[in-house]
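Undergrad: Listed in order, the protein sequences are those of chains A and B.
Quick note: the first sequence uses this note's numbering, first residue 517, plus one each step.
Quick note: the second sequence uses this note's numbering, first residue 517, plus one each step.
For the record, the hints were derived by calculation from the structure and aren't laboratory data.
Some clues are possibly wrong.
Which copy is meant is left open, because identical chains are indistinguishable; a pair holds if it fits in one copy or across any two.
With a cut-off of at most 25 Å between alpha-carbon atoms, the simulated DMTMM-like pairs for lysine to aspartate or glutamate come out as follows [to be verified]:
id : residue 1 : residue 2
1  : Lys-539   : Glu-639
2  : Lys-519   : Asp-589
3  : Lys-662   : Glu-731
4  : Lys-662   : Glu-610
5  : Lys-519   : Glu-622
6  : Lys-578   : Asp-543
7  : Lys-578   : Glu-613
8  : Lys-519   : Glu-730
9  : Lys-585   : Asp-543
10 : Lys-539   : Glu-717
11 : Lys-519   : Glu-599
12 : Lys-519   : Glu-584
13 : Lys-578   : Asp-677
14 : Lys-585   : Glu-610
15 : Lys-539   : Glu-584
2 protein chains.
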Amino acid sequence: MPKIHDITLAMTPRMPVWPGGPKPVMDRVMSIGQDGAPCNVTQLNFGAHTGTHLDAPLHFIKDGNGVEKLDLDVLVGPALLVEVGDDVDMVTRETLEELDIPAGTERLLIRSRNSLAWASNPEDFDETFVAISPCGARWLVEQGIKLVGVDYLSVAPFRDDYSIETHVILLEAGVIPVEGLNLAEVDPGQYQLACLPIKIEGCDGAPCRTVLIEE
Amino acid sequence: MPKIHDITLAMTPRMPVWPGGPKPVMDRVMSIGQDGAPCNVTQLNFGAHTGTHLDAPLHFIKDGNGVEKLDLDVLVGPALLVEVGDDVDMVTRETLEELDIPAGTERLLIRSRNSLAWASNPEDFDETFVAISPCGARWLVEQGIKLVGVDYLSVAPFRDDYSIETHVILLEAGVIPVEGLNLAEVDPGQYQLACLPIKIEGCDGAPCRTVLIEE
Chain A
517 MPKIHDITLA
527 MTPRMPVWPG
537 GPKPVMDRVM
547 SIGQDGAPCN
557 VTQLNFGAHT
567 GTHLDAPLHF
577 IKDGNGVEKL
587 DLDVLVGPAL
597 LVEVGDDVDM
607 VTRETLEELD
617 IPAGTERLLI
627 RSRNSLAWAS
637 NPEDFDETFV
647 AISPCGARWL
657 VEQGIKLVGV
667 DYLSVAPFRD
677 DYSIETHVIL
687 LEAGVIPVEG
697 LNLAEVDPGQ
707 YQLACLPIKI
717 EGCDGAPCRT
727 VLIEE
Chain B
517 MPKIHDITLA
527 MTPRMPVWPG
537 GPKPVMDRVM
547 SIGQDGAPCN
557 VTQLNFGAHT
567 GTHLDAPLHF
577 IKDGNGVEKL
587 DLDVLVGPAL
597 LVEVGDDVDM
607 VTRETLEELD
617 IPAGTERLLI
627 RSRNSLAWAS
637 NPEDFDETFV
647 AISPCGARWL
657 VEQGIKLVGV
667 DYLSVAPFRD
677 DYSIETHVIL
687 LEAGVIPVEG
697 LNLAEVDPGQ
707 YQLACLPIKI
717 EGCDGAPCRT
727 VLIEE
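Excised from the complex, chain A in its bound form:
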């Protein structure tokens, strides 16, 4: 049986969320034995961009597709996991060129120092996270990358100008950004990726359970 690596963050009421956004709420509305209830039932309330999630074009493109229309042939298939050094603050065109990514790579996951921080179960949002610059995003589009995964809550750096530009470059080109991965426990290399977002009609993003299967 091939080994399956879970690279998804657990969703908890404590986890960091985008500044200004509400933390996830899990509300137990039925509990076994209370008022004769036979079972436990939970009501969920969270933002579409919480934890490990992906962005649909609609996130930054007014008439873009919702998450339910993303192509499963992109969300499932071979993926390359690469690593940038702990000294890398931003993934630029130059950072990417130095990685010797093979031509034909369609799904790329980038491990950075971000992944190290997940082990301590942080609760606060860290604005200094490593992400992809607009020129890095353009390079990904030029290379024919169709899905790019990163290990903090946004594919774009925390600066208004870069945040918008990196997202728009990727989403207009049809590249799927997968955000909030925990890549700490997985070695760089080739895997089979399955990144499956919940299928919410007309939504700008969705949590996506994401696994890497050893080949």
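We have chain A already, so just place chain B on it with the hints.
TA: What follows is chain B alone, placed relative to chain A:
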């Protein structure tokens, strides 16, 4: 590239939910251009057992595992899709014995007349859905089935006694029930299943994007 079949219901504000439960709410809290917002952002509010979802042991077992602890080696792997006749009202031991399910089958998806109804985008819950009787559930456990998928919103019939018993038999044995599949467009046969629930800490269930990949 192997063909991927999506057997997941789209989550919408109109879809049927368990009687008494609230329908899903997708609340657009930021919209491009409104108040200078650069992007669309949606807040989600829905029950853990909405649409295509699975049950964790915690749903009916007081100290059972939450959905985040379900075994990915069960959620991903070979699966058999079988069909019962449109005249079948309940999947019993006899129904299952007649299907000639090969020994060693670990993941079983059962298509019934339920699947036909999804094409009309129903909004109301249908209490007459086809589901698995307690004796059918016992047979699945005896056969070593580890995951069973059905095409309406519960694995158990809509009767208080049967609803509890079928769930408890399966969940106590560690069988994962996957509920609310749409199997209308997929032929019976062998596939690779990927059924990936969102990873909600300590939750009794979760929506799970579910796909069948042709072998």
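Undergrad: Looking at the structure, which of the earlier hints fail to hold?
TA: 7 and 14
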